[in-house]
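Visitor: Sequence:
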Amino acid sequence: MDKKWKKRLLLFYRGWGFSLLIAILIATSFKSAIADWNDIPSGSMKPTILIGDRIFVNKLAYDLKLPYTTLHLAQWADPVRGDIVVFFSPHDGKRMVKRVVGLPGDTIAMFKNRLFINGVAINYKPLKNEVVSQISPAQRQNHFYFSENLSGKKHPVMFESSQPSLNSFGPVAVPKGNYFMLGDNRDNSADSRFFGFVDRKLIVGRASAVVISRDKSFFHPRWKRFFQTLM
14 MDKKWKKRLL LFYRGWGFSL LIAILIATSF KSAIADWNDI PSGSMKPTIL IGDRIFVNKL
74 AYDLKLPYTT LHLAQWADPV RGDIVVFFSP HDGKRMVKRV VGLPGDTIAM FKNRLFINGV
134 AINYKPLKNE VVSQISPAQR QNHFYFSENL SGKKHPVMFE SSQPSLNSFG PVAVPKGNYF
194 MLGDNRDNSA DSRFFGFVDR KLIVGRASAV VISRDKSFFH PRWKRFFQTL M
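Everything in the sequence shown is counted per my numbering, starting at 14 for the first residue and increasing by one.
Derived from the structure by calculation, the hints contain no laboratory data. The beta carbon of each residue, even a glycine, is placed where N, CA and C say it ideally should be. Some hints could be false.
[Unchecked claim] The calculated lysine to aspartate or glutamate pairs, modelled on EDC-like cross-linking and capped at a C-alpha distance of 16 Å, are:
| id | residue 1 | residue 2 |
| --- | --- | --- |
| 1 | Lys125 | Glu173 |
| 2 | Lys189 | Asp119 |
| 3 | Lys189 | Asp91 |
| 4 | Lys229 | Asp52 |
| 5 | Lys214 | Asp91 |
| 6 | Lys214 | Asp76 |
| 7 | Lys107 | Asp212 |
| 8 | Lys189 | Asp212 |
| 9 | Lys107 | Asp52 |
| 10 | Lys125 | Asp200 |
[Stated by the list, open to error] Here are the simulated distance ranges between beta carbons:
| id | residue 1 | residue 2 | range |
| --- | --- | --- | --- |
| 11 | Lys237 | Pro184 | 21 to 27 Å |
| 12 | Lys189 | Pro150 | 42 to 48 Å |
| 13 | Val224 | Lys166 | 17 to 23 Å |
| 14 | Gly118 | Pro150 | 41 to 47 Å |
| 15 | Asp228 | Asn131 | 38 to 44 Å |
Make a model of the complete structure from these sequences and hints.
Guide: As structure tokens, this is what we get:
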């Protein structure tokens with residue numbers, strides 16, 4: 014690099030470089046500790062969250078963390094049953110999106126795809142067609158759709174009859190400071206049935222809405238899902 018370019022870079026840094034660096038640090042710190050968005054690459058949370066959705070993650074829903082770390086600076090709430098949360102997998106550290114089903118101290122069981130929490134069977138009702146219709150006809154085949162009620166929080170779930178090995182387990186007791194996570198696509202989700210309980214410290218935040226959405230098969234936007242609140 015000749016002296017001319019060195020001089021230009023020095024002038025740029027003095028004029029804009031430091032301000033640009035500060036702006037980048039502020040922006041990345043905001044994403045790390047306050048709010049972020051996640052692109053959804055898999056169908057483990059269908060029919061609630063679809064492949065191609067970009068979801069808003071509120072990282073201040075439960076606590077404040079030191080940017081770029083999992084160190085808690087302050088905590089004012091804990092996840093409640095039915096929340097959709099983003100967390101780091103205890104298995105491989107990958108970021109995941111699942112629904113909180115079991116709280117610390119709960120006993121969780123499933124028999125033929127029916128959840129039992131603390132010995133009480135969860136209620137299911139037929140799901141409204143307007144939710145099912147957002148899934149392509151090809152993907153609807155061989156699936157059953159219901160509305161599940163978790164402590165008053167109603168949300169859609171789907172089952173596939175060809176995966177009987179996944180639809181029964183437990184009972185299991187959720188340890189203190191841990192949570193039991195399930196995907197809404199019950200027979201196609203790698204969740205606590207595979208990697209076990211999720212420590213409270215691994216929870217990043219709560220997913221609260223779909224910001225934008227596009228069908229990756231046909232590369233067109235799903236306008237009805239834009240800014241849709243997650244159930």
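Visitor: Next step is simple, just say for each hint if it's right about the structure.
Guide: Going through the hints against the structure:
The hinted pair formed by Lys125 and Glu173 meets the criterion: a straight-line CA distance of about 11 Å does not exceed 16 Å. Restraint check for Lys189 and Asp119: satisfied, since their Cα atoms lie roughly 9 Å apart, inside the 16 Å limit. Pair hint Lys189 plus Asp91 holds up; C-alpha atoms about 13 Å apart against a cutoff of 16 Å. Among the hinted pairs, Lys229 with Asp52 is consistent with the structure: their alpha-carbon atoms are about 12 Å apart, no more than 16 Å.
Under the criterion of a C-alpha separation no larger than 16 Å, the hint pairing Lys214 with Asp91 is consistent with the structure, at around 11 Å. For the hint pairing Lys214 with Asp76, the CA-to-CA distance comes to about 10 Å; that is within 16 Å, so the pair holds. Note on Lys107 and Asp212: the hinted pairing holds, with a Cα-Cα distance of about 14 Å set against a maximum of 16 Å. As the CA atoms of Lys189 and Asp212 are separated by approximately 9 Å, the hinted pair is consistent with the 16 Å bound.
With a C-alpha separation of about 13 Å, the suggested pair Lys107 and Asp52 falls inside the 16 Å cut-off, and the hint holds. With a C-alpha separation of about 11 Å, the suggested pairing of Lys125 with Asp200 holds against the 16 Å cut-off. Between Lys237 and Pro184 the Cβ separation comes to about 39 Å, which falls outside the hinted range of 21 to 27 Å. The hinted range of 42 to 48 Å is satisfied by Lys189 and Pro150, whose Cβ atoms lie roughly 45 Å apart.
Checked against the given bound of 17 to 23 Å, the beta carbons of Val224 and Lys166, roughly 21 Å apart, stay inside it. Taking the beta carbon of each, Gly118 and Pro150 are about 43 Å apart, inside 41 to 47 Å as hinted. For the pair Asp228 and Asn131, the supplied restraint of 38 to 44 Å holds, since their beta-carbon distance comes to about 40 Å.
Going through the hint list in order, the structure does not satisfy hint 11, though it satisfies all others.
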